[in-house]
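Asker: Each chain, written out:
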Amino acid sequence: DTAVSQTPKYLVTQMGNDKSIKCEQNLGHDTMYWYKQDSKKFLKIMFSYNNKELIINETVPNRFSPKSPDKAHLNLHINSLELGDSAVYFCASGRVEQKLFFGSGTQLSVL
Amino acid sequence: TQLLEQSPQFLSIQEGENLTVYCNSSSVFSSLQWYRQEPGEGPVLLVTVVTGGEVKKLKRLTFQFGDARKDSSLHITAAQPGDTGLYLCAQKSGYALNFGKGTSLLVTP
Numbered sequence: 001d002t003a004v005s006q007t008p009k010y011l012v013t014q015m016g017n018d019k020s021i022k023c024e025q026n027l028g029h030d031t032m033y034w035y036k037q038d039s040k041k042f043l044k045i046m047f048s049y050n051n052k053e054l055i056i057n058e059t060v061p062n063r064f065s066p067k068s069p070d071k072a073h074l075n076l077h078i079n080s081l082e083l084g085d086s087a088v089y090f091c092a093s094g095r096v097e098q099k100l101f102f103g104s105g106t107q108l109s110v111l
Numbered sequence: 001t002q003l004l005e006q007s008p009q010f011l012s013i014q015e016g017e018n019l020t021v022y023c024n025s026s027s028v029f030s031s032l033q034w035y036r037q038e039p040g041e042g043p044v045l046l047v048t049v050v051t052g053g054e055v056k057k058l059k060r061l062t063f064q065f066g067d068a069r070k071d072s073s074l075h076i077t078a079a080q081p082g083d084t085g086l087y088l089c090a091q092k093s094g095y096a097l098n099f100g101k102g103t104s105l106l107v108t109p
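Protein chains in written order, with the working numbering: chain A, 1 to 111; chain B, 1 to 109.
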């Protein structure tokens, strides 16, 4: 009965590969997010979707493409992975002006 | 995007000690949220402060919102090892939630 679940928990891959991270929420929220947490623990917003529409797209390389098939899912696809993409990626959901619920993160290591 | 400054960046204390961490901005907050992130997990909301001068308590944690709504503090009384984690302040602006860089707290027995 996890509220926000993302898979996989760990992802180790080679440079140049393409990978996806999946996220699902069962809270009935309209808005979902992807955040990136770097090695210094800074948590930075990447994307936000509201009712399946992209509403926030921070300065993220276009190798990163979010996809929201429905309001409960927001997946993140990353093409041509680079060393600098190594980080922990968090999915979150919430309602406008209210708190966010976060998944437990996907630790991506690019070798 | 409003810049949130948190201090100190790191804090290592013994069990039973008191501590205060800070979150500041040059601009006025409409409201402020505090989250705690434990290792291997996502952040979890502790409290939201909205009104200038507001004080909220959550067991041994006391949150204060500055009168001018440009700063906030979190005070922990008699810290315990279970308080170890990353404490983040965040400001919600429309759909976006923007975080400070956090205070990493280690409480040793």
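Calculated from the structure, these hints are not laboratory results.
Treat the hints with caution; some may be incorrect.
What the hints assert, rightly or not - Chain B stretches covered by chain A per the calculated footprint, using a threshold of three residues with CB under 8 Å from any CB of chain A: (1) 39 to 45; (2) 51 to 59; (3) 90 to 97.
Please read all numbers here as calculations on a predicted model, not as lab measurements.
The beta-carbon is built from N, C-alpha and C at its ideal position, and this holds for glycine as well.
Asker: Hints first: check each against the structure and report whether it holds.
Answerer: The hints, checked one at a time:
1. 39 to 45: Holds, because 6 residues of the stretch 39 to 45 of chain B bring their Cβ atoms closer than 8 Å to Cβ atoms of chain A.
2. 51 to 59: The restraint on the stretch 51 to 59 of chain B is violated, since only 0 of its residues have a Cβ under 8 Å from chain A and three are required.
3. 90 to 97: holds (count 5)
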